[in-house]
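Please build the complex by placing chain B on the supplied structure of chain A, with the hints as guidance.
Chains as they are written, first to last, in the numbering used here: chain A, 46 to 282; chain B, 16 to 249.
Just so you know, the hints here were simulated from the structure itself, not pulled from any lab data.
Note that the Cβ used here is the ideal one computed from N, Cα and C, for glycine as well.
You may find that some hints are simply not true.
[Stated by the list, open to error] Partial pick of chain B residues on the chain A-facing surface, computed with a CB cut under 8 angstroms:
#1 V51
#2 V63
#3 A72
#4 S103
#5 P164
#6 L215
#7 V219
#8 V223
[Stated by the list, open to error] Within a straight-line C-alpha distance of at most 25 angstroms, the following computed DMTMM-like cross-link-like pairs (lysine to aspartate or glutamate) qualify:
#9 K202(A) with D31(B)
#10 K48(A) with E67(B)
#11 K190(A) with D30(B)
#12 K191(A) with D31(B)
#13 K195(A) with E126(B)
#14 K100(A) with E124(B)
#15 K202(A) with E249(B)
#16 K257(A) with D30(B)
#17 K202(A) with E67(B)
#18 K131(B) with E246(B)
#19 K195(A) with D31(B)
#20 K190(A) with D31(B)
#21 K83(A) with D30(B)
#22 K190(A) with E249(B)
#23 K257(A) with E126(B)
#24 K64(B) with E156(A)
#25 K255(A) with D31(B)
#26 K131(B) with D30(B)
Residue-level listing of the chains:
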Amino acid sequence: MSKAYFSIANSPVMAAVCGLAICAVVVQAIVFFRVAWKHALELGYTKSDLVRVVKSSAVFSIVPSLPIIISYIILMAVLGKYFAWLRLSVIGSAAYETMAAGMAASAFGYESLGSANFTPNVFGSVMWVVTLGVFLSSMVALFLKKYDRKMKAITSKADGFGTAIPGVMFMGMIATLAAPYLIDVTNIPSFGAIVVSAITMIGLSVLGKKHKVIKEFAFSVSMLAGMVVACLITAWL
Amino acid sequence: MEQQSRTLDQYSVFDDKIHRLGIISTLAVWLFFLLVPMVVTLYFKLEVKPLETLWAAAPLMLILMVTGLCEKFSMSPIIGPGAVYLASSTGNIQNMKLPAALNAMNIMECEEGSEKGRAIAIIAVATSSFVTTIIVLCGMLFLAPLMEPLMNNPVITPAFDNIFPALVGPMVIPVVLKNLKTASLPVILSIVFALVLGSLYSTVQSIVMVGVILISLGVYRMVWRKKTQKESVE
Chain A
46 MSKAYFSIAN SPVMAAVCGL AICAVVVQAI VFFRVAWKHA LELGYTKSDL VRVVKSSAVF
106 SIVPSLPIII SYIILMAVLG KYFAWLRLSV IGSAAYETMA AGMAASAFGY ESLGSANFTP
166 NVFGSVMWVV TLGVFLSSMV ALFLKKYDRK MKAITSKADG FGTAIPGVMF MGMIATLAAP
226 YLIDVTNIPS FGAIVVSAIT MIGLSVLGKK HKVIKEFAFS VSMLAGMVVA CLITAWL
Chain B
16 MEQQSRTLDQ YSVFDDKIHR LGIISTLAVW LFFLLVPMVV TLYFKLEVKP LETLWAAAPL
76 MLILMVTGLC EKFSMSPIIG PGAVYLASST GNIQNMKLPA ALNAMNIMEC EEGSEKGRAI
136 AIIAVATSSF VTTIIVLCGM LFLAPLMEPL MNNPVITPAF DNIFPALVGP MVIPVVLKNL
196 KTASLPVILS IVFALVLGSL YSTVQSIVMV GVILISLGVY RMVWRKKTQK ESVE
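So here's chain A without its partners, still in its complex pose:
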């Protein structure tokens, strides 16, 4: 049965405003891309170097984008075709949008997203909650200029330690991202995916020293190897 608020959620007006917002982000990305491309050429990269970066980044991004479609199917049933399209194309992530929509639904007295049959007014409020939820997080970016200047001043100090700061920060960042998966040793498909993808990456990096093309796709191939191993282990278990 179609929900009453879907006449709003799937309306041409909604399609137009959501499409406009997505276009704005695409324009932002195009502008940044052009500025960075020009600067990279000034720094000494060749056009073919940059094409390699584009190819590698594009190929890598395909696989992690696919699960977003499943989140889209889930969110579409609650937020309608276009608002779910906007939220998952830009700004958020599958995990955040599902969490935010769930929190908004429960704040308005609905047990779960699946059971949510909003009134048009509540649907309007849910849209506001989901949008405002990430507003302050994005506004933090407005302080990046001051922070970047400060960091540049610290890291460029010739006292020896300053130059080591980005390296330590990098290690801290990747270690924090990896930790929950590194301790999850009883989850054999997950652990197998880590081990196999790491070994594949190390092997391909060695080969990539001789053949540039291998290095270009080493990351994507390693990720796929890990995913395939996860499937095989699950089937075997």
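Coordinates of chain B only, in the frame set by chain A:
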């Protein structure tokens, strides 16, 4: 000398341009984001109660502000502010934009936070966001019904359930093994935090990130000071 100072000028011109673009475009993009609920509310004459809505949004706003602050301030010195501005608007930061930027910097052999790395990371993040936008658009238009049975196939599901572990392997392990000395403390600290916090870890991950970075920097600074004092005495 002249060449060097010109290059330095060029760098600061680029940084200034990126920050100006970043701030203006972030505000512009947000205008469009806010326009969506605003236009729908006004056009369909919806009765949205401002206080009730703000009250419902407040916990999300606060949690995400703290995590957003930690995430952006940790990432900026590594992939550069330009890539962070863009990732902030385009979303999917940790599972897509950050690995894409790190992968591109690795291919081009750029150091973390270097001028070259900053430019390359922007190109990678922009490309990644174009791909996601196209795929989700296809999903909305026709791909979703076609993909649903495939993605829910029990044989294939584990592949998508384990995307992040499959990303951790190539993104983290080779780097850690190559820099064991620098990596050992952050890795041990993160593992301890993950063990202590359990399921809460994912909620406060960005805050843990800042904690791990600050503790590691503090310890390494202490070790470095002792080492330089010892060397000057000798």
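Tell me if the straight-line CA distance from K190(A) to D30(B) falls inside 25 angstroms. 9 angstroms, holds
Have a go at the S103(B) hint: is there a Cβ in chain A nearer than 8 angstroms to its own Cβ? 5 angstroms, holds
Pair hint K64(B) and E156(A), alpha-carbon separation not exceeding 25 angstroms: With a Cα-Cα distance of about 20 angstroms, the restraint between K64(B) and E156(A) holds, given a limit of 25 angstroms.
Verify the proposed pairing of K48(A) with E67(B), using a straight-line Cα cut of 25 angstroms. 23 angstroms, holds
Status of the hint placing V223(B) at chain A (closest C-beta pair under 8 angstroms): Holds: closest Cβ of chain A sits about 6 angstroms from V223(B), inside 8 angstroms.
Given A72(B) was flagged as interface, is its beta-carbon under 8 angstroms from a beta-carbon of chain A? It holds, given that the least Cβ distance between A72(B) and chain A is near 4 angstroms, below 8 angstroms.
Do the alpha carbons of K100(A) and E124(B) lie within 25 angstroms of each other, as the hint requires? 16 angstroms, holds
Straight-line alpha-carbon gap K195(A) to D31(B), limit 25 angstroms: 14 angstroms, holds
Starting from K202(A), check that the Cα of D31(B) is at most 25 angstroms away, please. 20 angstroms, holds
Quickly compare the C-alpha distance for K202(A) and E249(B) to 25 angstroms and report which way the hint goes. 24 angstroms, holds
Under the criterion of a CB-CB separation shorter than 8 angstroms, is L215(B) in contact with chain A as hinted? 11 angstroms, violated
Quick one, are K257(A) and D30(B) close enough, alpha carbons at most 25 angstroms? Violated, at about 30 angstroms.
In terms of the numbered hints stated before, the structure departs from hints 5, 6, 7, 16, 17, 18, 22 and 25, listed from lowest to highest.
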